[in-house]
Amino acid sequence: MLFRYLCLSFFPLLAASSAVGEPRSLPFDPEAFSRLSVEDRPRSLALRQGQGIWLAYDLEQAVVFQCWQAPEGKPGLLKRDFTTRSSGKMLCVVETPVVWQWMSGQVAEPCSVRYLGCADRADHVELRWELRGGGVRTLQICERVARAGAQAARVVREIQVKGLQSKEKLLVPGLGAGAWHLSTSAGEPAHAITDEAWHQLSLP
Amino acid sequence: MLTFFHRHTVAMSARFFCLAHIFAFAAFSPARALDLPATLIFDKGPNRYAGEVLEITRGRGATIGWYVQAQQAGEVRVLAEYTCERPLNQAYQLSFDGQDVFWDVEPTGKKKEWRRAELGRFPIRAGLPVLVLLVPPSGTKYEHPVRFQKLIIEGAETLGLALASTPPEPPAPDATPGFGQKLAALHPALRVQDLRDEDRTLRVSGMALRGEDELLFCTWDGDLFSLDLKARLTEAPPPLRHLMRGLSEPMGLAVLGQRIFVTEKNEVTELLDEDGDGLPETLRCVSHDWPCSMDYHEYLFGAVVKGEHIYFSSSVGMARRGMDNYQAPLRGSLVKVHLETGHTEILAGGLRTPDGLGLGADGSLLVTDNQGEWLPANKLIRIQEGAFYQFRSTPPRHPLDRSQADSPAVWLPQGEIAASPTQPFTAPPSWGPYAGQVIFGDATFGGLQRAFLEEVDGISQGAVFPFSQGLRHLLHRFALGPDGVLWAGGIARGKDPEFIHRVSGLTRIEFTGQPVFDLLAARLRSNGIEIEFTQPLAEGAGWDSEAYHAAQWGYQATQTYGGQKVRPRLAEVRSATVSEDRRRVFLELPGLVAGEVLHLRLPQTLPSESGLPLWSGELWYTVNRLPTAHLGSIRPAPRPLTPPAQPWFRYSEGNEGKTLFQNFCSACHSLEDTKLAGPALRGITGSQRRVRDPATGAVSEIEATAEYLRQSILEPNALVVEGYPENLMPPIGAILTSRQIDALVEYIVQATSAKK
Numbered sequence: 001m002l003f004r005y006l007c008l009s010f011f012p013l014l015a016a017s018s019a020v021g022e023p024r025s026l027p028f029d030p031e032a033f034s035r036l037s038v039e040d041r042p043r044s045l046a047l048r049q050g051q052g053i054w055l056a057y058d059l060e061q062a063v064v065f066q067c068w069q070a071p072e073g074k075p076g077l078l079k080r081d082f083t084t085r086s087s088g089k090m091l092c093v094v095e096t097p098v099v100w101q102w103m104s105g106q107v108a109e110p111c112s113v114r115y116l117g118c119a120d121r122a123d124h125v126e127l128r129w130e131l132r133g134g135g136v137r138t139l140q141i142c143e144r145v146a147r148a149g150a151q152a153a154r155v156v157r158e159i160q161v162k163g164l165q166s167k168e169k170l171l172v173p174g175l176g177a178g179a180w181h182l183s184t185s186a187g188e189p190a191h192a193i194t195d196e197a198w199h200q201l202s203l204p
Numbered sequence: 001m002l003t004f005f006h007r008h009t010v011a012m013s014a015r016f017f018c019l020a021h022i023f024a025f026a027a028f029s030p031a032r033a034l035d036l037p038a039t040l041i042f043d044k045g046p047n048r049y050a051g052e053v054l055e056i057t058r059g060r061g062a063t064i065g066w067y068v069q070a071q072q073a074g075e076v077r078v079l080a081e082y083t084c085e086r087p088l089n090q091a092y093q094l095s096f097d098g099q100d101v102f103w104d105v106e107p108t109g110k111k112k113e114w115r116r117a118e119l120g121r122f123p124i125r126a127g128l129p130v131l132v133l134l135v136p137p138s139g140t141k142y143e144h145p146v147r148f149q150k151l152i153i154e155g156a157e158t159l160g161l162a163l164a165s166t167p168p169e170p171p172a173p174d175a176t177p178g179f180g181q182k183l184a185a186l187h188p189a190l191r192v193q194d195l196r197d198e199d200r201t202l203r204v205s206g207m208a209l210r211g212e213d214e215l216l217f218c219t220w221d222g223d224l225f226s227l228d229l230k231a232r233l234t235e236a237p238p239p240l241r242h243l244m245r246g247l248s249e250p251m252g253l254a255v256l257g258q259r260i261f262v263t264e265k266n267e268v269t270e271l272l273d274e275d276g277d278g279l280p281e282t283l284r285c286v287s288h289d290w291p292c293s294m295d296y297h298e299y300l301f302g303a304v305v306k307g308e309h310i311y312f313s314s315s316v317g318m319a320r321r322g323m324d325n326y327q328a329p330l331r332g333s334l335v336k337v338h339l340e341t342g343h344t345e346i347l348a349g350g351l352r353t354p355d356g357l358g359l360g361a362d363g364s365l366l367v368t369d370n371q372g373e374w375l376p377a378n379k380l381i382r383i384q385e386g387a388f389y390q391f392r393s394t395p396p397r398h399p400l401d402r403s404q405a406d407s408p409a410v411w412l413p414q415g416e417i418a419a420s421p422t423q424p425f426t427a428p429p430s431w432g433p434y435a436g437q438v439i440f441g442d443a444t445f446g447g448l449q450r451a452f453l454e455e456v457d458g459i460s461q462g463a464v465f466p467f468s469q470g471l472r473h474l475l476h477r478f479a480l481g482p483d484g485v486l487w488a489g490g491i492a493r494g495k496d497p498e499f500i501h502r503v504s505g506l507t508r509i510e511f512t513g514q515p516v517f518d519l520l521a522a523r524l525r526s527n528g529i530e531i532e533f534t535q536p537l538a539e540g541a542g543w544d545s546e547a548y549h550a551a552q553w554g555y556q557a558t559q560t561y562g563g564q565k566v567r568p569r570l571a572e573v574r575s576a577t578v579s580e581d582r583r584r585v586f587l588e589l590p591g592l593v594a595g596e597v598l599h600l601r602l603p604q605t606l607p608s609e610s611g612l613p614l615w616s617g618e619l620w621y622t623v624n625r626l627p628t629a630h631l632g633s634i635r636p637a638p639r640p641l642t643p644p645a646q647p648w649f650r651y652s653e654g655n656e657g658k659t660l661f662q663n664f665c666s667a668c669h670s671l672e673d674t675k676l677a678g679p680a681l682r683g684i685t686g687s688q689r690r691v692r693d694p695a696t697g698a699v700s701e702i703e704a705t706a707e708y709l710r711q712s713i714l715e716p717n718a719l720v721v722e723g724y725p726e727n728l729m730p731p732i733g734a735i736l737t738s739r740q741i742d743a744l745v746e747y748i749v750q751a752t753s754a755k756k
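Just so you know, the protein sequences line up as chains A and B, in that order. If you're matching positions, the first sequence starts at 1 in our numbering and goes up one per residue. If you're matching positions, the second sequence starts at 1 in our numbering and goes up one per residue.
These are calculated hints, taken from the structure and not from any lab test. Owing to the predicted nature of the structure, the values given are computational and were not obtained by experimental measurement. A couple of the hints might just be wrong.
Stated by the list, open to error - Here's a subset of chain A near chain B, in silico, CB distances under 7 Å, partners left out: (1) PRO42; (2) GLY117; (3) ARG144; (4) GLU196.
From the three backbone atoms N, C-alpha and C, an ideal C-beta is built for every residue, glycine too.
Working from the sequences, and respecting the hints, build out all of it.
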């Protein structure tokens, strides 16, 4: 027998929320952090930064595949059944599939990606992946997205990579003009990550 | 007007219906080949004949099958004579006595260019009529037909092949709750407390105890709750603590010590409380090492933690079943994941909607699966590593897919004892006589069902019994407290929020130990079956073989939804022998066949020593293996039998339709105004209904005639009542015979006309 719960159209997540009289401090409030699939990608999630900026992650590729601004006074994520869609003005779309490249000297190796999980902390959301090149070594990626709105840029994410050895670097996909900018914690532009320091990814 | 027959009449029929006779018209051919013409199939469904040629454009509803009998065992090859102008997007299934092959129909080009194709070679048994089924792709409609003239069966030698007649569904005695019809009340030894929360709809999808005093459960909508079992639960609503939101369609929850694991839509997740505030805020993805798609019906059901692993099952998708039946690889698996490393293994395949996973008394993994494509009935499976349970997808097939599938431990006939079976659990020691038996819920049929399992030559098999109805919730998930209290969670599908709210939520169930006279167990012997009661029979009772109505049949899985019974017939009960302690009766059954289900009905009037009436009088035993040299003891009755004051069974006109309605329709359709998952039927006959054609979206108003009811049964998605979604109603027309559909429609017309 089939299990199915159908609604006729997409509804704002707020209206679809089932909790009654619950404190807002509960983790994974779907109004700001939806773990349902977004835009027909089965393993994906969507986060809200500030009041109306949304980021959608493809968890199998460890990439923000789109970022958008919710319409003024309206929800930016609409839910139907157990799937969601974006609503608003698209700020950035990253063409997928993407490839993470682990460089040792001049040799670049494409990485396989394994999603490790996420956390809903008090002031930020955290996501983790493991990257594996051709060998047995792995890299650990941690990404943080502050709940509060960004200041200088419209959107800011932070990324940390563990496991790189000297003379190795990780090329982050989805960078470029009109797309995400990578910079060091000191604000210096960067094209790749070479150490364990936190880097910033921002959308101008 | 009702007419009554004495059981004796049927006993004579039973002998008449024995295998040797029901196919009696078979004329054995001395030739090595036998034609199976298109004109002699069971049902052409929506297809049409052009002379002696069947033009097949649609699979669903057609039953292109024959019974074939051989005088000698041997090997045969099967050929098809056909034309087909253009390629098809899916293969035909040929099933020969349960063995499947797929036929990629090669186009012949021109319409009149007949071709013979060899479809496969199969062993054929001697004596037993075997079913030969040619199954077109279901759900799909082709503009160009496969023009089919006949199958040809050729033996390597003269096997004495013959076509055998199609056996009719044998008559069944009048039904009352627990006796041919779903129970209607709570089991006398159960006490139920409905932990209703009027403000919340809790569609419980996973449940486990953390420690002895905390019940954790998650909901389909993605919430996690905790209930302190030390708290007073006498006042509604129960004091639930909301721990988190945002889980993605969790369908299983398991606890190891203080650790919590859930099986979500696409991953296995550990819920961690790293900041120590009591609310999980970190989700560790333990594994997602299998492909998935956007199909709404892909779930991970479970879950059970054993040792260092979590076990769960994955359902197949449904969204493309009307197109090409494609499945994401590895769907329909029993999966084992290491809790720390995430290492993922596929233990078994061929599952469909295995919405129940639990542990047997011996620690084995038990799975329930839901009837539908490739499942002619529901199943209770005792998982064997490497087994394949027969749901097949179009390529790429499951890596464990093979021609001969593995059998469930117990078949759960659709509408008779199950419709959407859910989590199985083992009854604890405090559950009296039922301790150690398997109990499971049902998200459509409702209530609790019970199974007794045994092993014959290392093969699991057993019987299923009705156990209890009378529960408000459609029970989905269970957790047993250390005191034997059962915590149960209900769930619902559909669209009506009032109905969903009513049948979802928490229930506390206690086993009180109140004495009950019930069927307890059934054990197969080489020459029959021994049934055990919870209490002794009254002195002198139980010896009359005519007090046992027995029927038997097989199942054939096809790519079409559901399936009719194979070789349905009455079974001869040659004798009945009561044990010294009068708690057991051995029924001598000379016609048992491995691979079939034996259904026994006992009369309500069978007396117990205590004077208690029999709670429920039927069981379905799955004969996977007949034991060798394990004979049941046969003794003559100690004194001559006295004929019963009333016949043991009655056979009334109209009983069949009423029983079919109770079993197949009443879970979702009320004859009154009560809203259930489907539309209420009060006054439907002759009324105007607003219906939608899902194919075009066109809405129209039609009169609900008998023909409309028939079409709704046969093709539920053809015209959907406005406001209800597609695919909500299963195509039960595929399970019922034409005669049964006639009886069902007649009953609905009668019942709903009277209630206008």
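Evaluation of the provided hints:
1. Taking 7 Å as the C-beta contact cut-off toward chain B, the hint placing PRO42 of chain A at the interface holds, the least distance being around 5 Å.
2. Residue-level restraint check for GLY117 of chain A holds (minimum Cβ-Cβ distance to chain B is 4 Å; threshold 7 Å).
3. The beta carbon of ARG144 of chain A is not positioned within 7 Å of any beta carbon in chain B (closest approach about 13 Å), and the interface hint is therefore violated.
4. Of the supplied interface hints, the one on GLU196 of chain A is violated, with its beta-carbon coming no nearer than about 21 Å to a beta-carbon of chain B, more than 7 Å.
The structure fails hints 3 and 4 (numbered hints given earlier, in ascending order).
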